[in-house]
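Construct all of the structure, not just a fragment, from the sequences and the given hints.
The UniProt record's numbering applies: residue 1 is where the sequence shown begins, and numbers increase by one.
Careful, some of the hints might be misleading.
[Claimed, not checked] Across the chosen pairs, the derived CB separations fall in these ranges:
(1) Arg12 to Val157: 19 to 29 Å
(2) Ser264 to Gly10: 36 to 46 Å
(3) Pro398 to Ala315: 26 to 36 Å
(4) Trp168 to Pro398: 37 to 47 Å
(5) Leu319 to Ala100: 47 to 57 Å
(6) Ala101 to Arg223: 41 to 51 Å
(7) Gly142 to Gly109: 45 to 55 Å
(8) Gly171 to Ala315: 35 to 45 Å
(9) Pro398 to Leu319: 27 to 37 Å
(10) Val70 to Ser44: 30 to 40 Å
FYI, nobody ran anything at the bench for these hints, they're computed from the structure. A quick note: this is a predicted structure, and the numbers were derived from the prediction, not measured. Think of the CB as a built atom: it goes at the ideal place given N, C-alpha and C, for glycine as much as any other residue.
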Amino acid sequence: MSSDQRRSYGPRHRWVVLSVGVGAQAAFSAMFSGIPVTGVAMRSGYHLSTEALGLVLACIGLGVAASDIVWGLLTDRFGDRRVLLTGLTSTGALLAVMAAAVTPQDGAGVALLGLCLAVAGALGGSVNGASGRAVMTWFGEGERGFAMSIRQTAIPVGGAVGVAVLPWLAGSYGFRAAYAVPAAFCLAAAAATWRWLHEPTPPATPAAPGTTPATSGTRSPLRRWDVWRLALAGALLTVPQFAVLSFTAIFLHDVKGEGAFLASLTVVIAQLGGGAARIWTGRRTDRTGGRRTHIRAIGALAGLAMAGAAVLTGAPTPLTVAALAVGGVLANAWHGVAYTEIAAMAGADRAGTALGLLGTTLFATGFVTPLLVPAVVAHASWATVWALAAAASFLAVPLAPGAARARRPTFRAR
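Set out below in structure tokens:
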């Protein structure tokens with residue numbers, strides 16, 4: 001037994017674990033969000049058509065969607081520390097290889113680039129379930145929503161860093177630097193994981209007869225309809241999020257004749273406001289309960305905001321922008337509460353699998369939505385796009401499990 005395994009970590013260590021989880025999530029988000037924003041430089045540097053560029057960039061989300069459940073199962077089997085170390089180290093190593101050998105100067109083509117980005121997404125997807133399970137394991141029932149919401153806020157924060165840094169690096173120093181920097185982020189997060197992320201001291205109470213520590217007799221969340229309902233509701237609530245974040249700039253340019261500043265301002269409000277709303281809802285539900293009720297309420301409000309954007313498509317620009325900004329904030333507000341609830345529903349021994357399932361549905365929607373929106377615009381209108389986003393939010397409300405069914409296994413307090 002190693003010295004780390006023998007060492008006992010007290011309750012205060014939970015904040016260190018949360019910091020490690022935030023760092024891991026932010027490191028992956030910087031890559032996931034930053035590389036697509038290098039699209040202009042990538043298209044010219046790799047000599048890609050617009051269609052080929054869209055396919056290449058979609059490969060990142062496809063890789064995450066394809067791997068999240070697998071990583072969740074592995075997390076429940078081997079623990080969050082091992083999975084995070086494996087995922088972050090391999091992602092950093094792959095990005096380093098890309099910096100050395102998969103740049104335009106190396107003659108890399110669309111097939112190799114798309115494959116590398118898909119694998120990077122698949123490897124980096126390990127952080128979603130593993131860091132979430134670590135946070136859920138260390139924090140008690142009265143703090144989990146707040147802690148998980150902070151971890152989820154690392155996604156827009158890390159993404160903002162990537163969006164700010166990677167396009168500048170690609171334009172000024174080339175793709176060797178654009179890949180090397182997120183590689184360094186991932187490897188630094190892996191080092192922090194190795195140093196500070198450890199399992200809590202196991203309780204003295206032995207497992208029930210006929211069970212093992214890996215399963216403890218709990219039913220797989222993949223075989224529970226209530227868990228699937230929450231995951232699918234989350235997928236529907238992701239539609240307005242990706243619609244606003246991905247297409248606000250194009251809509252304002254094509255329909256309103258506005259420049260990049262107003263679009264950036266709208267998206268920043270949606271991102272930062274959504275991050276603040278995640279923390280607020282997490283803290284509130286820790287104090288008052290009712291995570292499922294909050295998810296349904298946010299879905300209804302997001303639907304109303306996006307319906308307002310549909311109605312106001314032809315209205316003066318400030319009104320349309322306000323509706324889109326509010327819809328974006330609400331579409332970003334539910335993540336922490338949903339991740340907390342689905343992990344609590346599954347129980348400590350199956351939390352990684354449940355978090356992986358939710359991540360899979362969300363990233364699958366994130367992959368499909370940007371492919372569908374241009375088709376809807378081509379055959380209908382932007383008002384239809386926002387109306388469909390509203391409809392997805394409204395459909396999520398009855399699909400999400402209700403509070404009356406909140407019977408679940410609980411985590412042990414640490």
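Verification of the hints:
1. Checking the proposed 19 to 29 Å range against Arg12 and Val157 shows it holds: the Cβ atoms sit about 24 Å from each other.
2. Between Ser264 and Gly10 the CB atoms are about 44 Å apart, so this pair conforms to the stated range of 36 to 46 Å.
3. Range check, Pro398 to Ala315: about 30 Å between beta-carbon atoms, so the 26 to 36 Å window is met.
4. For Trp168 and Pro398, the Cβ-Cβ distance of about 45 Å falls inside the hinted range of 37 to 47 Å, so the restraint holds.
5. Remark: the range hint 47 to 57 Å for Leu319 to Ala100 is upheld by a beta-carbon distance near 50 Å.
6. Under the hint 41 to 51 Å, the C-beta atoms of Ala101 and Arg223, about 43 Å apart, fit the expected range.
7. For Gly142 and Gly109, the hinted distance range of 45 to 55 Å is satisfied, since their beta carbons lie about 53 Å from each other.
8. For the pair Gly171 and Ala315, the supplied restraint of 35 to 45 Å holds, since their beta-carbon distance comes to about 36 Å.
9. Between Pro398 and Leu319 the beta carbons are some 29 Å apart, a value that agrees with the proposed interval 27 to 37 Å.
10. Checked against the hint of 30 to 40 Å, the C-beta distance between Val70 and Ser44 comes to roughly 35 Å, which is consistent with it.
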